[in-house]
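The hints should help you fit chain H onto chain L, whose structure is shown.
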Amino acid sequence: MKATRVDRIATFFFWILGMISVGILFIIVGEIFARGLFIALKPSFFLGKPEAMKEGGGILPMIVSSIYLAVLTLLISLPLSLGAAIYLAEYSRGGKITRFIRFCADSLSSLPSIVFGLFGLAIFVVRLGWGYCLISGAFTLALLNLPTLMRSAEESLKSVPKTYREASLSLGASRWTTVRQVVVPSSLPGIITGTVLSIGRIMGESAALIFTTGTFIRKIPLNPFQTAAPLAVNIWYTQSEALVPDYRNIVNGGAAFLLLMVLVVNLVARYIGKFYRRRKGLS
Amino acid sequence: MKNFFKSSGDSYIKALTLICASLSFLAIALIFYFIISESMEALTKVGITNILFSTKWNPDRNQYGILAFLCGTVMTTLGGLIIGAPLGIGTAIFLDQVAPRRMGEIVRRGVELLAGIPSVVIGWFGLTILVPAIARVTNSSGYGILAASVVLGVMVLPTITTLSVESLRSLPPELKEASASMGATRWQTIRRILIPAAREGLLVATILGMGRAIGETMAVQMVVGNANQLTFSLTQNTSTLTSRIVTDMGEAPPGIFRSSLFVMALVLLIFAMLLIITIRLVSRKKGD
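Each protein sequence line maps, in turn, to chains L and H.
Each residue of the first sequence is one higher than the last, beginning at 10 in this note's numbering.
Each residue of the second sequence is one higher than the last, beginning at 31 in this note's numbering.
In isolation and in its complexed conformation, chain L is listed as follows (with noise of 0.2 angstroms):
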């Protein structure tokens, strides 16, 4: 009788922290949005040019930054990754290379982003003499991101069933065009999906980028050599540096409408596994 006492004590202890884990996404989310979204949403706001020195400024060029920042990140490190992900799906056999090969990535992705933004400043801005820059930053994030982007799409092509290519390669077609033509379109959804993840990531991503991108910019950079200010990274300066007189209206929009974006693709992201999903237990 009193095992079953003790184990409706632990039974509710249990479910105390659930419901708390679940509870700081609701309160966080809650209170951002609360105090930020009807700011973030208004016209003027996310369409608006950012002040240096008086109020009422907005964070167009920071949108544009996070989103320009995100495609180029992408641009460098998906076809990279993909390439590491085919190596290590399809061609390694186990071994000394592939194993030293993914204790790599693991350290890789172990590094804190502070680490990767004081070696994106030495080499891309001070060393490769480019500067502050969406380049720079997108180089450092690209890194950042290498590993995690490098085990999604391990993962999905390895979920393909090897019956597929044995069919392939049954019909003589040679590896790489299984790969090209069977493997790789088969896996695509669990790719995109990772590659959208990551671009909720980017998005996010601060500590790396302060010194390789910039922290304000007045301007929407169109060359990818100009310096930007991505969002993440716009509102701690903002809130650091505190030289507008309304900053805490900025930081409060800029958060919600940071939060509501990367909210947004992660929700895509899940969407696109979901859709998967079902298609595959369709067929």
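In short, the hints are calculated from the structure, not lab data.
Values in this document were obtained by computation on a predicted structure and should not be read as measured data.
A few of these clues could be false.
[To be verified] Short derived list, chain L residues pointing at chain H, Cβ under 8 angstroms:
(1) 37
(2) 123
(3) 128
(4) 215
(5) 219
(6) 244
Beta carbons are placed, not taken as given, at the ideal position from N, Cα and C, and that holds for glycine.
What follows is chain H alone, placed relative to chain L:
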């Protein structure tokens, strides 16, 4: 069959993908090279002991001791784990054993979304809600190790939960069934069977959470106060390695000052590598 392995187009592609795969190694090597070479100036001119074992940080007076920030990192990380690890592992057990299907789905998604919240957003939440609340209750500035620990607890929670769930799910279902068939209650099964069986996995989850806490920068920088003093009080302004780098890098001119910030990055890099090696050792033991 032999032909297609030898076909020259294919071996080109294989070489090309191998090059892509070895980029991880190249990246790690370059990061080590650049962080070390940028640290050299401070390490040689100030000396390793004067940097690592001194709490005096006054770049104007040529003092570059980082011990205070090292302590800050250790204490905020421990604080974050004290909050985040029980909560994360508990939530994982809730998800795996206790939760009804629909509730489990909600909590699991909630935790996944929590992982995606940008650290500046969590930092801003901490700065505007948590810090004033701590200030009111403890009659202090509100900034410091306590605020940073709570923020880090929230940030390590998704990492620890997700990985703990994975390790619990990977246990053979017979374990649970056998225990239940012997008349054990759910709690007895969890405590006597599941937790011991998943111990290595839960440990790895906690270590990876620790890595996240050590490296977290922006959210911590916004709530820790950024004073360059050693403190063991939970509510006094202090710094961590990461927060110091961000606070000072903007003003540091090239030279010893800037180089000393790279030394902090080197320390973080070494911490991260030690954690990865620890994880390898822990999971290898499990494999035996």
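Index of numbered hints that the structure contradicts, given in increasing order: none
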